[in-house]
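Protein chains in written order, with the numbering used here: chain A, 6 to 152; chain B, 8 to 445.
Bear in mind the hints are in silico, worked out from the structure with no lab data behind them.
Accuracy of the hints is not assured; some may be wrong.
Here are the simulated SDA-like pairs of lysine to any residue, each with C-alpha atoms no more than 20 Å apart in a straight line [stated by the list, open to error]: (1) B:K33 with B:R111; (2) B:K212 with B:L350; (3) B:K374 with B:S246; (4) B:K37 with A:T87; (5) A:K12 with B:P440; (6) B:K360 with B:F304; (7) B:K33 with A:F152; (8) A:K55 with B:P430; (9) B:K212 with A:E54; (10) B:K37 with A:G88; (11) B:K33 with A:P68; (12) B:K416 with A:E54; (13) B:K37 with A:A86; (14) B:K383 with B:S414; (15) A:K12 with B:E436; (16) B:K33 with A:G88; (17) B:K33 with A:I90; (18) A:K55 with B:V433; (19) A:K55 with B:L134; (20) B:K212 with B:E182; (21) B:K183 with B:S246; (22) B:K33 with A:E151; (23) A:K55 with B:T413; (24) B:K33 with A:I91; (25) A:K55 with B:R39; (26) A:K55 with B:T431; (27) B:K183 with B:K98; (28) A:K55 with B:K37; (29) B:K101 with B:R39; (30) A:K42 with A:S119; (31) B:K33 with A:T87; (32) A:K55 with B:F424; (33) A:K55 with B:P411; (34) B:K374 with B:G213; (35) B:K212 with B:R180; (36) A:K55 with B:F415; (37) B:K98 with B:R111.
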Amino acid sequence: MRRIYVKEEVCIGCRLCEIHCQVEHSASRDIIKTFKKEIPAPSRVMVEEKGATSFALQCRFCPEPFCAYSCITGAIRQDLATGEIIHEPEKCIGCWTCVLLCPRNAIRPDLRDSRVAVRCDLCPDREIPACIEFCPNDALYEVEEEF
Amino acid sequence: MASGIFDFLIIGNSAGGIGCIEGIRKEDRKGRIAVVSDESHHVYSRPLITHLIAGDVPPEGMDFRPRDFYREQGVEPFLGVRATEVDPGEKTVKVCPVEGGPGRVLKYRKLLVATGAAPFMPAMEGLELDGVTPMISLEQSLRVSRDLERVRNAVVLGAGLIGTKTAEALASRLEKVTLVELGDRILAPVTDPVSSRMAMEAFRKGNVDILLNNTVSGISGDAKGRVAGVTLKDGTDLSCELLVLAAGVRPRVDLLEGSGIRLADVKRGGGIDVNTRMETSAKEVYACGDCAHAHDFVTGGMKLLPLWPNAYVGGRIAGLNMTGSGFAHTWATNMNSVDFFGLPMVSAGFVLKPEEKGFEEVVREEKDSYAKVILKDDVIQGLIMAGDVNRAGLYLGMMRSRVPTTSFKEELLSDEFTAAQLPTDVREEMMQPIRGIE
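Chain A on its own, in the form it takes in the complex (with noise of 0.2 Å):
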């Protein structure tokens, strides 16, 4: 399982992994035409920031997977054989409640007009996802893990 970490005290908070998150997964991909020229998609990788801590955070992928669990479509379910989540947004109505029970506030309404729930997706057109390329301070890792 690919997962992202964050060196907390690394990051500076300067947010560019949202911006890149929202460029990679808007209409264009280019960092111009998605704030100027389309409604942004909600940023899947949320940095927080008070004083002088700050981290990103982006979808863990859970071995005990609270979206999948509180899933009401089956659009978020776990594969059974890998543990990997399986997120369908075409099955997705935005009810929110996958939203209400991550604890780890890594799933966000996107309300553009699917109004879906979306997640960290690993950026599958990247070989590295866009949030760790475009952090200007190496803050963002991946990692190999057994699940």
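Chain A is already provided as a structure; the job is to place chain B on it using the hints.
Positioned in the frame of chain A, the structure of chain B alone reads:
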């Protein structure tokens, strides 16, 4: 039908039953599992039945798990088959096909009762008329969808979650929908007066008439045996070709009559009495979901929590424990999330501040959003958010982990509040995936 003994027999093919199968299969890939349900459909998402009426989910979108789920998980489904009697001494369940035909007896080693809830039907004449229906099953929603072209006006009785979602769905298809509620606000169990008013406003904009402090006292039919109208408590007559009765649900426990399996007191809702391991009073018999009690981590007591996630997790814990694990289900509380006409609303734990000493509220009201937390000794015990639910998970997580908010409780709901303010140990835990459910 297959014969022999089932290692795991599950009565009920909804959230609890599926949770149980997935819990069992986490630990035991081989044991023989059977599921019995009087509904003949593949497992479907019950909360979606109103979306089927609205037309925003197609019939094939109702599946809660892929079509090959039973085969993949090695489950023998007995669908369209009703369980009528449980004998925990003999470890048998009597079943018979709903469509008629000979019944038979299934033997089990471990049994889960996840029969769900039945709609409460008010005692009055006219319930048998065409166009009068509860709204709790796929069958009922398919029938209403089919008949909808004959309907111009609909009345929905009861403004709980089922009634409000039904009214919302019907409003997208019909000229006139009236929602009648006996209480003085809609969605009482999951709202406070402010969030209830916001929901009322969403319904008003969505073209649903809401009548509070009122109820249906009489139903009238036409010569063809179809519903033609209702008379309300205050004397108002409303014509309607559809009347949906959503005046609450009751645990479905009739099949346990004579089994000796203990039920909770009627004053406590009368569901199946279980402990936090989901064990009933009978050996090797477990229960979960709307038919059984569950632990509420906010109040600490056992009560009915007829909510989809509670059923799923209760079933999962039961399934794990049926394979020999020893988990406790302490995950649930009164928690709901719902969206009406684009207004998202969540609640968890207390929605009204208890009278007892030591409780306090923090509130944030904006033009289009509302948030409230209820605290006791600086620990969150209740949450309401409407209009903007972005941080709901963080608050419920803090509630579950009993994080003291003393140093930041005044700004808990402000834009200034961030998870970076949480104590170091809580933050460190937040960085890690969740590996345990207790």
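Structure-based check of all given hints:
1. B:K33 with B:R111: It is violated: about 30 Å lies between the C-alpha atoms, which goes past 20 Å.
2. B:K212 with B:L350: 11 Å, holds
3. B:K374 with B:S246: Violated. B:K374 to B:S246 sits at ~37 Å, over the 20 Å cutoff.
4. B:K37 with A:T87: Cα-Cα ~17 Å, so holds.
5. A:K12 with B:P440: Given pair A:K12, B:P440 holds - Cα atoms ~15 Å apart, limit 20 Å.
6. B:K360 with B:F304: OK: B:K360 and B:F304 at ~17 Å, within 20 Å.
7. B:K33 with A:F152: 13 Å, holds
8. A:K55 with B:P430: Given that 20 Å is the threshold and the Cα spacing comes to 12 Å, the pair holds.
9. B:K212 with A:E54: 38 Å, violated
10. B:K37 with A:G88: Holds, because 18 Å separates the two Cα atoms, which is no more than 20 Å.
11. B:K33 with A:P68: At roughly 11 Å apart (the allowed maximum being 20 Å), A:P68 and B:K33 satisfy the hint.
12. B:K416 with A:E54: 17 Å, holds
13. B:K37 with A:A86: 13 Å, holds
14. B:K383 with B:S414: Cα-Cα ~14 Å, so holds.
15. A:K12 with B:E436: 14 Å, holds
16. B:K33 with A:G88: 9 Å, holds
17. B:K33 with A:I90: Within the cut-off at roughly 14 Å; holds.
18. A:K55 with B:V433: 15 Å, holds
19. A:K55 with B:L134: Since the Cα atoms of A:K55 and B:L134 sit roughly 60 Å apart, the hinted pair is violated (cutoff 20 Å).
20. B:K212 with B:E182: Judged against 20 Å, a Cα distance of about 14 Å means the pair holds.
21. B:K183 with B:S246: 10 Å, holds
22. B:K33 with A:E151: At roughly 16 Å apart (the allowed maximum being 20 Å), A:E151 and B:K33 satisfy the hint.
23. A:K55 with B:T413: 16 Å, holds
24. B:K33 with A:I91: 16 Å, holds
25. A:K55 with B:R39: 53 Å, violated
26. A:K55 with B:T431: 13 Å, holds
27. B:K183 with B:K98: Violated, because 52 Å separates the two Cα atoms, which is more than 20 Å.
28. A:K55 with B:K37: 51 Å, violated
29. B:K101 with B:R39: 18 Å, holds
30. A:K42 with A:S119: The hint holds at about 18 Å.
31. B:K33 with A:T87: 10 Å, holds
32. A:K55 with B:F424: 8 Å, holds
33. A:K55 with B:P411: With Cα atoms ~17 Å apart, A:K55 and B:P411 stay inside 20 Å; holds.
34. B:K374 with B:G213: 19 Å, holds
35. B:K212 with B:R180: It holds: about 15 Å lies between the C-alpha atoms, which stays within 20 Å.
36. A:K55 with B:F415: Answer holds: A:K55 to B:F415 is near 12 Å, not above 20 Å.
37. B:K98 with B:R111: 14 Å, holds
Hint check: violations occur at hints 1, 3, 9, 19, 25, 27, 28; the rest are consistent with the structure.
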